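Chains as they are written, first to last, in our numbering: chain A, 1369 to 1501; chain B, 79 to 620.
No lab work stands behind these hints: they were computed from the structure.
Take these hints with a grain of salt, some might be off.
Said to hold, decoys possible - Mimicking SDA-like on lysine to any residue, the simulated pairs with C-alpha atoms at most 25 Å apart in a straight line are: (1) A/Lys1494 <-> B/Arg107; (2) A/Lys1494 <-> B/Val512; (3) A/Lys1494 <-> B/Arg191; (4) A/Lys1494 <-> B/Phe253; (5) A/Lys1494 <-> B/Ala179; (6) A/Lys1494 <-> B/Ala256; (7) A/Lys1494 <-> B/Leu185; (8) B/Lys250 <-> A/Leu1483; (9) A/Lys1494 <-> B/Ala182; (10) A/Lys1494 <-> B/Arg174; (11) A/Lys1494 <-> A/Leu1483; (12) A/Lys1494 <-> B/Arg242; (13) A/Lys1494 <-> B/Pro189; (14) A/Lys1431 <-> B/Arg242; (15) A/Lys1494 <-> B/Lys250; (16) A/Lys1431 <-> B/Met249; (17) A/Lys1431 <-> B/Phe253; (18) A/Lys1494 <-> B/Val375; (19) B/Lys523 <-> B/Glu446; (20) A/Lys1494 <-> B/Leu229; (21) A/Lys1494 <-> B/Met249; (22) A/Lys1494 <-> B/Ile102; (23) A/Lys1431 <-> B/Ile111; (24) A/Lys1494 <-> A/Lys1431; (25) A/Lys1494 <-> B/Lys523; (26) A/Lys1494 <-> B/Val155; (27) A/Lys1494 <-> B/Ile121; (28) B/Lys250 <-> A/Tyr1438; (29) A/Lys1494 <-> B/Gly193.
As the list claims (entries may be wrong) - Okay, the calculated bits of chain B under chain A, using three or more residues with CB under 8 Å as the criterion: (30) 101 to 113; (31) 184 to 190.
Computed from a predicted model, the values in this text were never measured in an experiment.
No residue lacks a Cβ here, since even glycine has one placed at the ideal position from N, Cα and C.
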Amino acid sequence: MSTPPAILAELSSYLPVALIVVMAVIFGVVNLVGTHLLGPKRRGERKEQTYESGMAPIGTARKRFNIRFYILAMTFLVFDVEIIFLYPWAVDFTQLEPMSSDATLFFGRILFFILTSIVAYVYAWKKGVFRWD
Amino acid sequence: MTSNHLWFLIPEAILLVGVVFTAITGLVRSTSIRQSTPVIAAIFVVASGVASVFVFSPDHLDTTAFLMPALGRWVGVITAAVGLVLILNSIGRVDRRLEQAIAAGRLRFDPLRAGRGEYYAFMLLSLAGLMLVCTANDLIWLFLALELTSLPTYVLVAMSRTNRLAQEAAMKYFFLGAMSAAIFLYGFALLYAATGTIEFDRMRYELQSQAANGGLGALAIGGLLLSLFGIGYKLAAAPLHLYAADVYEGASAPVTAFLGFVPKAAGVLAIMVLLVATGLSELMSSLPYPILIMLWVVAVLTMTLGNIGALLQRSVKRMLAYSSIAHSGYLLIGIIAGPGLGYTAVLFYLLAYGVGNTAAFSVLSSLERRGEELTSLEDLAGLRQRHPLMASVLAISSGSLLGFPPLLGFWGKLLLFIAGIQTGHLVLVIIAAVNSAISGWYYLKLVAVPIMASPTARSESVERGPSNWPRFAGVIMVIACLVLPVFLGWLVAESRDSARTAQAVRADSAQAEADAVQPSDDSGLFTALPPLKTALQSPAKR
């Protein structure tokens, strides 16, 4: 085979990526080894603690959280994502001619989109997500 | 194209509206509205089944770009029919303890503890996923449809929160399912790498030209192998069948019935769609060699391991779990036989298997022992004396699953075996027939133990379940097993029409224009199925 297979030619375009990966590895190793060799070594009770600054750690890291935190966070996500979608809509909406049929359609679509989120809101409300007792 | 594609999503849209309604009515304070949740779910399932008949009617199909244009009609209807029964099976079981406590005045209704709305909503979502597989026209669509089918089932298994076995089952099911999704997604990525497109139409063109120029490339073959292997998890096909017994045993009986049909059907249909996307059609139905070997080995392993596993079980649910693994093996025969007769047989078998399997699980859903589900075969001993109706439902449904002649399951197996023989896979069919004989041992146990054995102390305490709907569902399905064979010619014609690939449809319409002759309107078994006729007339022709 005189010419290299097409796949090799494609792979060669990934050369910069490979270079970055190699550099990242070298950077990490050099830093670790460097601090190990060059850094001062002072040991002590404070230094061995979780927070080296001297703040006393409280309790275990495997503490359980109330499930309500997660549920509330999920509900927040629904509306957060909805708002992100509203921005591009708002930008485009101003470009349309007022009261034209396109604008009405565009408006109706976003109303439908908001309606779907309202359904999610009603569901969460009924489910008692917002009750905190 | 997009607005056209939206038209074909009407059945799924109906199901999604149903999801919204069931999720909210399950949370209403009024008990009577809450109890109507399954009715609402059932109405929406029936509506989507009816809609899929109209949506996929012949005058709309001219404009589609689907690989198998009419697939959605057959699948929509059987999904709705089996889905309806699966919903009826669950009535009275969901949130049972909570509702009893509320009725007795011990508890006030707490929406955070109620799972009724979510249960039916997730069922509808999963059914929608199954229907979406049929209209898939690119890889991402197919992946999302498969995951939409599977993700709700993980939650359904985990929904019995107080049952430790169910929790364990859900964990196993979820993590192994995630792994299988990763495997077939990797396969999809390789297919994309091989063809440079995710659209099935262009992928088919690309792969066909590859095949014409010295065979499919290594990337395409590797991608297909990984995809089929990963999708095999949904079918519980060997070697990814190991989860099935534990998960089916841990889940409650209605959920197990659901797992036995919906993910399995989605997996089989996904394999069909994917293989058609590689250029397979009635005109060219030879699989690439590595794929053929892989499917062959998987089919043989699946049916053999499934049947041998079922022989060893004492728990009815585990036995049915292994039997469903074996049925996946039979279905793979149709997949190997390829488009045309093979896929017709697969679609027909999905109906026969769905009806038989859900009927068997209806029996388990409608009976209980001290408020717990029946587990071992002993619980069924002498069932005939106290619950004659359920004993006969179990007998007929296991007869159908075994393939006992006049019942629906027999015709399903017959079609699969004929398809296998027609395409020259005689050895495979012989192995399947031997397996069928092996399966007689445990299916006949399901017939004999309830009818002939004398009741034991355990089975004396078996009572009716909380609701009569599962009994009704079981009886309906058994009637279907008995009556549907009468309409065999029509059913086979319908499943054949649904299984046709776009290429065959195009070739046929070109042929019809050339001939300008109307095809015969007679839909008897022999005209519906010319290969069956030739197979019966000339057994020497192999």
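Each hint, compared with the structure:
With a CA separation close to 9 Å, the supplied pair A/Lys1494 and B/Arg107 stays within the 25 Å bound. For the suggested pair A/Lys1494 and B/Val512, the alpha carbons sit about 55 Å apart, so the restraint of at most 25 Å is broken. A C-alpha spacing of about 12 Å is found between A/Lys1494 and B/Arg191, which places the hinted pair at or below 25 Å, so the restraint holds. Under the criterion of a C-alpha separation no larger than 25 Å, the hint pairing A/Lys1494 with B/Phe253 is inconsistent with the structure, at around 31 Å.
Pair hint A/Lys1494 plus B/Ala179 holds up; C-alpha atoms about 20 Å apart against a cutoff of 25 Å. Taking the CA atoms of A/Lys1494 and B/Ala256, the gap is about 31 Å. The hint is violated against a cut of 25 Å. The straight-line distance between the Cα atoms of A/Lys1494 and B/Leu185 is roughly 18 Å, inside the 25 Å bound, and the hint therefore holds. In summary, the hint linking B/Lys250 to A/Leu1483 is not supported, as the alpha carbons are separated by about 37 Å, beyond the 25 Å threshold.
Between A/Lys1494 and B/Ala182, the direct Cα distance comes to roughly 23 Å. Compliance with the 25 Å bound is thereby established for this hinted pair. A distance of roughly 20 Å separates the Cα atoms of A/Lys1494 and B/Arg174; the hinted pair therefore holds under the 25 Å criterion. Distance restraint check for A/Lys1494 and A/Leu1483: the Cα-Cα separation of roughly 16 Å lies within the 25 Å cut-off, and the hinted pair is therefore satisfied. In summary, the hint linking A/Lys1494 to B/Arg242 is not supported, as the alpha carbons are separated by about 28 Å, beyond the 25 Å threshold.
Between the alpha carbons of A/Lys1494 and B/Pro189 the distance comes to roughly 7 Å, so the proposed pair stays at or under 25 Å and holds. Restraint check: the Cα-Cα separation between A/Lys1431 and B/Arg242 comes to about 23 Å, which is no more than 25 Å; the hinted pair holds. In summary, the hint linking A/Lys1494 to B/Lys250 is not supported, as the alpha carbons are separated by about 31 Å, beyond the 25 Å threshold. Simply put, A/Lys1431 and B/Met249 have alpha-carbon atoms about 22 Å apart, close enough for the 25 Å limit, and the pair holds.
Restraint check for A/Lys1431 and B/Phe253: the C-alpha separation of about 24 Å stays at or below 25 Å, so the hint holds. In summary, the hint linking A/Lys1494 to B/Val375 is not supported, as the alpha carbons are separated by about 51 Å, beyond the 25 Å threshold. Simply put, B/Lys523 and B/Glu446 have alpha-carbon atoms about 20 Å apart, close enough for the 25 Å limit, and the pair holds. Between A/Lys1494 and B/Leu229, the direct Cα distance comes to roughly 23 Å. Compliance with the 25 Å bound is thereby established for this hinted pair.
Using a Cα cut-off of 25 Å, the hinted pair A/Lys1494 and B/Met249 is violated, with the two alpha carbons roughly 28 Å apart. Distance hint between A/Lys1494 and B/Ile102 is fulfilled; the C-alpha atoms sit about 7 Å from each other, no more than 25 Å. A threshold of 25 Å between alpha carbons decides the hint, and for A/Lys1431 with B/Ile111 the separation of about 40 Å lies outside it, so the pair is violated. Straight-line distance between C-alpha atoms of A/Lys1494 and A/Lys1431 comes to about 29 Å, which puts the hinted pair past the 25 Å bound.
Between A/Lys1494 and B/Lys523, the direct Cα distance comes to roughly 48 Å. Violation of the 25 Å bound is thereby established for this hinted pair. Our distance criterion of 25 Å between C-alpha atoms is broken by A/Lys1494 and B/Val155, whose separation comes to about 33 Å. The hinted pair formed by A/Lys1494 and B/Ile121 meets the criterion: a straight-line CA distance of about 23 Å does not exceed 25 Å. Note on B/Lys250 and A/Tyr1438: the hinted pairing holds, with a Cα-Cα distance of about 23 Å set against a maximum of 25 Å.
About 13 Å separates the Cα atoms of A/Lys1494 and B/Gly193, which keeps this hinted pair within 25 Å; it holds. As drawn, the region 101 to 113 of chain B meets chain A at 4 residues by the rule of a beta-carbon pair under 8 Å; at three or more, the given contact holds. Only residues whose C-beta sits within less than 8 Å of a C-beta in chain A count toward coverage, and the region 184 to 190 of chain B has 3 of them, enough to reach three; the restraint holds.
Hints 2, 4, 6, 8, 12, 15, 18, 21, 23, 24, 25, 26 from the list above are not met by this structure, while the remaining hints are.
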